[in-house]
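Fit chain B to the given chain A structure using the hints.
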Amino acid sequence: MAILIPLAFSFGLDATQALVLMTSVYYGAMYGGRISSILLNIPGDEPALMTTLDGYPMAKQGRAADALVLSGVASFVGALLATIGLMLMAPILAKVAYLFGPPEYFALYLLAFCTLGGVSAKNQAKAAIASMIGLGIAMIGLDNQTGMPRLTFGDLHLMDGIDFLVAIVGLFAVTEIFVFIESHGKESAIGVKLGKIKVPFKDIAHSFFAMLRSTVIGFVAGVLPGAGASLGSFLAYMSEKSIARDKDTFGTGNPRGVAAPEAGNNAAAGGALVPMLTLGVPGSGTTAVLLALLLTLNITPGPLLFDERPEVVWGLIAALLIANFVLLIMNVPLVRLFVKILSVPAWLLLPGITMISFAGIYSLSGSSFDLLLMTAFGLLGYFMRKLDVPTVPIILGILLGKNMEDSLRRAMVISDGDWTYLFSSGISIGLWIAAVAGFIAPMFLRNLLRKPTRPQS
Amino acid sequence: MLTNDSPGPERPGKFLARRSDRIFGAIMIAIALFYIWSASQTQVSFLSDPVGSKTFPYIVGAVSILCALIFILRPDPDPPWPRLATSAKIAFAVVVLIGFAVSLEPLGFIIPAAVASSLISYQISPKPFNAMAAGVGLSVVLFAIFRYALGLGLAPFGRALVG
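In order, the protein sequence lines correspond to chains A and B. Every letter in the first sequence is one number past the one before it in my numbering, and letter 56, counting from 1, is 915. Every letter in the second sequence is one number past the one before it in my numbering, and letter 27, counting from 1, is 34.
In silico PhoX-like pairs for lysine-lysine, Cα to Cα no more than 25 Å straight-line:
id, chain 1, residue 1, chain 2, residue 2
1, A, Lys981, A, Lys1245
2, A, Lys1261, B, Lys61
3, A, Lys1061, A, Lys1106
4, A, Lys919, A, Lys1106
5, A, Lys1245, B, Lys96
6, B, Lys134, B, Lys96
7, A, Lys1055, A, Lys1199
8, B, Lys134, A, Lys1199
9, A, Lys1199, A, Lys1057
If you're looking for bench data, these hints aren't it; they were derived computationally from the structure.
With the rest of the complex left out, here is chain A (with noise of 0.2 Å):
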């Protein structure tokens, strides 16, 4: 959750540059994450698992170099594609959303709750208790309709709700603290030694289409809302291997095995702000704290922003595209340098992020009870990892409660109490259907979805 950091620097920035600096970081976690996924077959962020099968094979047998090379082109390849997709279909989809009214954002929703739950949690009882925590935390404060307080338990802290910086904070970077004081030494892999750096030309040719394949695998993944990069990922390798005709190759180090979830995460990551920035429904995690980082800055988005606030979308994409090459050239030549951060030692890097956390939320609200919170939700955020509860639902809870409520009642206001309202346009019915399939299908199908184990180290 590298994002998180830049959260806190980007309080003392304006609006734009915030944004810049937000979604620079948003791409960059996308293509860092295989670093330390080929180097030391420890994922650097849940999408980049993938990476590790073939990559981490790869450096073990002396190409750690190519397999970095070789995956850092397969990421720009998906990210500049899926760049220009959102170009030319945010544009679309925002003309779609003027058709949705509020029994339609409700199922949408609803949907983007169910596919999450379904597609990345192991079991759908606990993804949907932790979207339950999430609603459940976004009621309390004053009530958007009638401006009586609710769930407050008397304390005025509790007037305004629960922040969702505080919770997303307090969940990512807090958890880690006490997870990582419990796996201390267990999670320790013998990195491999970095060759000489050079382009492995050979590889990219013979990968090119894997990589071209693999970003409308991962684009489309991820536009679905809630489904995300893990999923575009999975599915980029997964295909990839069974169209193969070496197929038992793959998982031993093969180049394409590197590109494709490489080429497809980072499509995903472009393919999730589509539904982000038209519909205001984040596609994934990483995507909830961009939405996060935009509702702070007083930017809503929706089918709206882009006629009223054509500058933000356009200024975004536009830092996308330039993050893109930036990151080429960063990734490429510069490989060396991250590698060197990856060394940074733990007691210096934990209580680091900690202060970087605590103090991004203090002047943020100038509040202890809102650092008090934090450390409650860090400490919950450990608790639900240990019993495999997912936590993204959570801050997607947070962040999509009222919204989701309030299109519940606007829509009941509408149709004057008749429930079946819900259910009266074509785009709803097909959201519920798609919600309801989003959340059964994944029982059934999972065995096909089960996550391979990572590499022995």
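Only chain B this time, still in chain A's reference frame:
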């Protein structure tokens, strides 16, 4: 609750096997009931809509209870819980963070940050010199970055120290 000194494979057949999910389910049911009760105490405005302020929290509470019942009836295998010493370390880190949170206002950033990051660093790697250096270095460097490069309103020393 945190500790389970034999984090090995679960022992099926024992009544208490898979208790983590069961305990979690029971706690969630208690919280959800309390949540529903709190929602029922919400003051209703005369300007109400057909759904009202209470329905959505009721739905949230009801679905939570349903999920929690599933955990109790069909629990997953227990995760490996940390040993007592590790749990104590985590608990200590929580105390440090709470202390940091409440001392930031009266004492300012630099001293609480130095103490808190030293203590956390020491929990991760018990080398006193490294921990002290990490604490002092981080607090000064980060303060300088936050204050002078980003212009965030952090006080170096709080009212209790400067007056």
